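A.B. asks: Those protein sequences? They're chains A and B, same order as listed.
When the first sequence is numbered by the numbering used here, its final residue is 430 and no position is left out of the sequence of numbers.
When the second sequence is numbered by the numbering used here, its final residue is 300 and no position is left out of the sequence of numbers.
No wet-lab data here; the hints were simulated from the structure.
It cannot be assumed that every hint is accurate.
[Claimed, not checked] Quick list of simulated restraints, FRET-style, between CB atoms:
hint: 1; chain 1: A; residue 1: Thr-283; chain 2: B; residue 2: Leu-48; range: 19 to 25 Å
hint: 2; chain 1: B; residue 1: Ala-55; chain 2: A; residue 2: Thr-283; range: 48 to 54 Å
hint: 3; chain 1: B; residue 1: Ser-68; chain 2: A; residue 2: Leu-214; range: 39 to 45 Å
hint: 4; chain 1: A; residue 1: Thr-292; chain 2: B; residue 2: Ser-68; range: 20 to 26 Å
hint: 5; chain 1: B; residue 1: Gly-260; chain 2: A; residue 2: Asp-206; range: 42 to 48 Å
[Stated by the list, open to error] Footprint (simulated), chain B over chain A, 3 or more residues, beta carbon under 8 Å:
hint: 6; region: 154-163
hint: 7; region: 220-226
hint: 8; region: 245-259
hint: 9; region: 290-303
hint: 10; region: 329-336
hint: 11; region: 342-354
These figures come from a predicted structure and were not determined experimentally.
Where a beta carbon is used, it is the ideal one built from N, C-alpha and C, also for glycine.
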Amino acid sequence: MVARRRCGVSKLSGRSGMARRPIHPRPGSAFSFGAKLVVAAPYLWLLGFFLVPFIIVVKISLSETAIALPPYTPVLDVATGWQGIRDFIAGLSFANYLTIAGDDLYVFSYLKSVKVAAVSTAILLLCGLPLAYAMARAPRAVRPLLVTLVVLPFWTSFLIRVYAWINILQRDGLLNQVLTWLGLIDQPTTWLATDTAVYIGLVYSYLPFMVLPLYASLEKLDETLLEAAADLGCPRWKAFFVITIPLALPGLGAGALLCFIPIIGEFVVPDLLGGSDATMIGQTLWTEFFANKDWPVASAVAVALVGLLMAPIAVYQHLQAREIEER
Amino acid sequence: MRRVSFTNLVALALGLAFLYAPIVILVIYSFNASRLVTVWGGWSLRWYAALIEDRAMIDAALASLGIAVASAALATVFGTMAALALTRMRFRGRLPFAAMIYAPLVMPEVITGLSLLLLFVAVDLDRGFFTIVIAHTTLTMCFVTVIVQSRLIVFDRGLEEAAMDLGCPPGRTFFAVTLPLIMPAIVAGFLLAFSLSLDDLVIASFTTGPGATTLPIRIYSEVRLGVKPEINAVCTIFIAVISVVVIAASLIGKSWDRGRSAPLTT
């Protein structure tokens, strides 16, 4: 009722030349209950289920392993008051971090993850760029269809798409059958459980993530620039490197980070397609947690992984924010 | 109309072939009569018949569907709210809020899963259906936010102002003007949340408890032992359901768009 009356007032003031009231109050003024709820509900949800859990991970990574449930000490018991908090802080230890830093298994896992993510992001760029470019240069009428076609596999299950490659890559699978039939190989090659299989799986799974941001920035490209270059005698391949690529850089960066960051922590692809000799950090964390039941070390691995990803995530958020401002 | 160059055509053909060939092969082999997954033994529906007998698989599928519907509904509500908050409002703590929205999009699933599990253990919550719903909501609401936000950015605020100048209260303006106009994005967000939840293996593995086995967890435990024709059949059904939903949604979205925006833009 109050709101309705306020609207009436605004209608009157509109007549007196003061129309255009902002829909939501300016900073400093009071939000209505509905507006408060709109901010508070998702905020509290993310605080409770994204930030707090992560703080717990940090805390447990500083705890000692114990053979009980929960399998770590110390547990913060607020009921014991100040003494309890002091005991708790005294009980914190960096032993788990020393364990990870001193053990080749973990160090190699991290390095392997970075290497696999870098190489597959490079391959993704090489595969994604021609595809995105071709989509952006296609007749305007078919572009939405092409986008749908690229996105559709992304909607079907990730797990299923990785599984589909097991069918193809296994020893008597389709790839070896085709290669033998073509006369390229004499006897079946091992594809599954190799790094090659991991790269194939990663490139396949992440291709839409690379193509879509690239397409978005290539599609916006002003074609008269290319025409001008051609008029001035610039060959097309050169125009591609001098004009198209620099203008597509934001999309290139977004696509590369959108692939690089999650691939570092990837579990499903290396677990199903890769070998068991050198595991990626996501697999190491999984094993530490599920097989070895060492929660503190698993937490320390997670915290170290987030530390590793902090810089690329910050860059990604910066690009994302700029993209939104520019629209 | 511009001519499509030959190299571009090749790039498109190769790209799409790469994206679709594995899925097509999987679907074809699900109709293979042979027990040996690599030998073609003629067309047959026997693996689909075998599925009907597989109680555990059906239970897992039902559990997955329930979790996907519940978490997608929650994620749509929270995600839309977050999108409105980010595009329309200035409030203290807006920057950390935006960071918390974008971080889960790229955060490795093993970390999200591990941290949520440790939270559930810390507050001594029984793990199962509800814990997976909470975990999936947290992940997928951020995707909903991004989709709805992109729609809100191009939204013509003049329409809302017109309604309010005509005496429509803010709450009603939202439901009568804003909501219908961003509905296609909300529907798309819901469907994306639904399919992400249906698909998730890693986070569900961390946050599940006894008695709540989802379809991906079930498929994963079978797949680790090698390729099985029954799994090909499950996957084919899965793909068929998702494809139908996505195509239907995009058609609905288009006709909705046309019906809604035509009288306003012309």
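A.B. asks: How does the region 245-259 of chain A fare against chain B when you require at least three residues with a CB closer than 8 Å, holds or violated?
C.D. replies: holds (count 8)
A.B. asks: Has the region 220-226 of chain A got at least three residues whose CB is nearer than 8 Å to a CB belonging to chain B?
C.D. replies: violated (count 0)
A.B. asks: Assuming the hint says 48 to 54 Å, is it satisfied by the Cβ distance from B:Ala-55 to A:Thr-283 or not?
C.D. replies: Violated, since B:Ala-55 and A:Thr-283 (Cβ atoms, about 18 Å apart) do not stay within the stated range.
A.B. asks: Test coverage of the region 290-303 of chain A by chain B using CB-CB distances below 8 Å; three residues minimum.
C.D. replies: Not satisfied, violated; 0 residues make the cut.
A.B. asks: Should the hint that A:Thr-283 and B:Leu-48 are 19 to 25 Å apart at their CB atoms be regarded as holding?
C.D. replies: holds, 22 Å
A.B. asks: With 20 to 26 Å as the target window, see if A:Thr-292 and B:Ser-68 comply at their CB atoms.
C.D. replies: holds, 23 Å
A.B. asks: Lying within 39 to 45 Å: is that true of the beta-carbon distance B:Ser-68 to A:Leu-214?
C.D. replies: Taking Cβ atoms as reference, B:Ser-68 and A:Leu-214 lie about 43 Å apart, which means the hint holds.
A.B. asks: Check the following: the C-beta atoms of B:Gly-260 and A:Asp-206 are separated by a distance inside 42 to 48 Å.
C.D. replies: violated, 32 Å
A.B. asks: Mind taking a look at whether chain B covers the region 329-336 of chain A? Criterion is 3 or more residues with CB to CB distance under 8 Å.
C.D. replies: Check failed, 0 qualifying residues.
A.B. asks: Can you confirm whether chain B covers the region 342-354 of chain A, using C-beta to C-beta distances below 8 Å and requiring at least three such residues?
C.D. replies: violated (count 0)
A.B. asks: In terms of beta carbon proximity below 8 Å, does the region 154-163 of chain A have 3 or more residues touching chain B?
C.D. replies: holds (count 7)
The structure fails hints 2, 5, 7, 9, 10, 11 (numbered hints given earlier, in ascending order).
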